[in-house]
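Residues per chain are reported as follows:
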Amino acid sequence: MMTKSEPEIQLVEIENLTFKRGERVIYDDISLSIPKGKVTAIMGPSGIGKTTLLRLIGGQIKPDSGNIFFNEKNIPLLSRSELYEARKQMSMLFQSGALFTEMSVFDNIAFPIREHTELSEDIIEKIVLMKLEAVGLRGAKSLQPSELSGGMARRVALARAIALDPELILYDEPFAGQDPISMGVIVRLIRSLSDALGLTSVVVSHDVPEVMSIADYIYIIAEKKIIGHGTPEQIRLDTSPLVQQFVKGEADGPVPFHYEAKTYRDELIKIPPGSVS
Amino acid sequence: MKQLRFLGKQTIDLISGLGRAVILLISALIHIPNIRKGTPLLMQQLYSVGVLSLLIIIVSGTFIGMVLALQGYTILVGYGAEASLGPMVALSLLRELGPVVSALLFAGRAGSALTAEIGLMKATEQLSSLEMMAIDPLRRVIAPRFWAGFISLPLLAAIFSMVGILGAHVVGVDWLGVDSGTFWSVMQDQVDFDKDILNGVIKSIVFAFVVMWIAVYKGYDCEPTSEGISRATTSTVVQSSLLVLFLDFILTALMFVK
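Here the protein sequences line up with chains B and Z, keeping their order.
If you read the first sequence in this note's numbering, its first letter stands for residue 1, the second for the next number, and so on.
If you read the second sequence in this note's numbering, its first letter stands for residue 1001, the second for the next number, and so on.
The hints are simulated quantities; they were obtained by calculation from the structure and are not laboratory data.
Being a predicted model, the structure only gives us computed values, none of them experimental.
Among the clues, some could well be false.
As the list claims (entries may be wrong) - With a straight-line Cα cutoff of 30 Å, these simulated DSSO-like cross-link-like pairs (lysine-lysine) come out: (1) 20(B) <-> 1009(Z); (2) 1002(Z) <-> 262(B); (3) 62(B) <-> 1009(Z); (4) 141(B) <-> 73(B); (5) 36(B) <-> 20(B); (6) 126(B) <-> 62(B); (7) 20(B) <-> 1002(Z); (8) 126(B) <-> 88(B); (9) 73(B) <-> 248(B); (10) 270(B) <-> 248(B); (11) 225(B) <-> 73(B); (12) 62(B) <-> 88(B); (13) 224(B) <-> 270(B); (14) 225(B) <-> 248(B); (15) 126(B) <-> 1037(Z); (16) 20(B) <-> 88(B); (17) 225(B) <-> 38(B); (18) 62(B) <-> 225(B); (19) 1002(Z) <-> 88(B); (20) 225(B) <-> 270(B); (21) 141(B) <-> 1037(Z).
Same shape as in the complex, but just chain B (with noise of 0.2 Å):
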């Protein structure tokens, strides 16, 4: 167990980190950091870019400018060689899953070691049953992915994420549009994998309750800026209205309920010229 008094390593972290959609800026200068062997959450309203930060640290694009540091490797400078080497300790768990469809489960799983071990059939046969036993779908192992619940697929596709034992998984809105037992069970998933097998997690998700419920740290991102971070105790007690109007889930507060729009009774009333209001 660790002790209060050891540093904490930090896997990732971002530097001034700008990036900028044609001529939309989705982040202004954000810093941030994950620490090593947590479950850090990142949570915002819809569309705010959420999903993009994850590829920014995969890798998958570019930013601006600011540096994004995996291990001490500066992503965005790595080459494609250097880029794929470093990708081979993150994984990253698509919201739709992601699976391959031609393939069955077992096969689903199987790929990832497959492609980048010289392991034979038998130890990763077993390997794959252990992962398949940890997200509690070993007896699925024969299934399509045509044939698995979302919910399913998902415990398939984080199986598949884990089953190189990576230092970082990535989680792309894991609670979106779940059933309540469904969540009950990425929840616990995602906790105990952390937990047994060290992992960091990075959570992106705007599902209030169940970050707060499993997050050590929590990032709220709004409005190209982090507007409030810490630990879930230290997120409900801060007292900016925009993270409050967030957490609480308040229709209106600093993010308006009402589009910008012309007054109410300017568009109802359409007064004709030169007569009396």
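Got chain B sorted already, so can you dock chain Z onto it with the hints?
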């Protein structure tokens, strides 16, 4: 003013699209091949792209050969030249119809299927998953499909011409009464290997390159929505068909005009 801006945007989109297509091609194809890992992938794609297109090629080839023989006989018999039915059919197929029609059919069947498949893999983030697993999707997904099509189409075009000639034989000799010996011997006399057969093969190699490049690029570049995929699939068939016909004209002018 708006029209000018629109024209400008279209031109820029076209050129940047062409640039992306070239980058895709080079990244996918220019590398040291991994024989052990690549061969089973290639075999799988050769089956799904090439073998599964055999039916449409054979059926179309047979019917086109038969129609050629019918029409050809009807016209030639008026000049007393029905002995030339053999070479007429063979040259039409080997020089033009074989490479061109099989390329068009291939674009419609295999090209559209590939665009849809790759587009759907992009939309369901399977390509991104491969990237994040440190596996290059260009080498694993795109390259085998490209090579499979590039190898298959010339072979399919040859099969097309072959069944076309056989179909013409059935109609011309068995039905319309052209002498079998005359059919084959005049054909043998008039059809030259270098000038006719080889030129036809060169054409189908060029068409294969173009059709597969367009199919693979459109799939990889499409917008990852259902609308985007359907637009990309349509665009593959239309653009590769038009480009095949255009290139056919150029190649014919280069090869067959003195």
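- If you check each hint against the structure, which ones fail? Going through the list in order, the structure violates hints 4, 6, 9, 10, 13, 19, 20 and respects the others.
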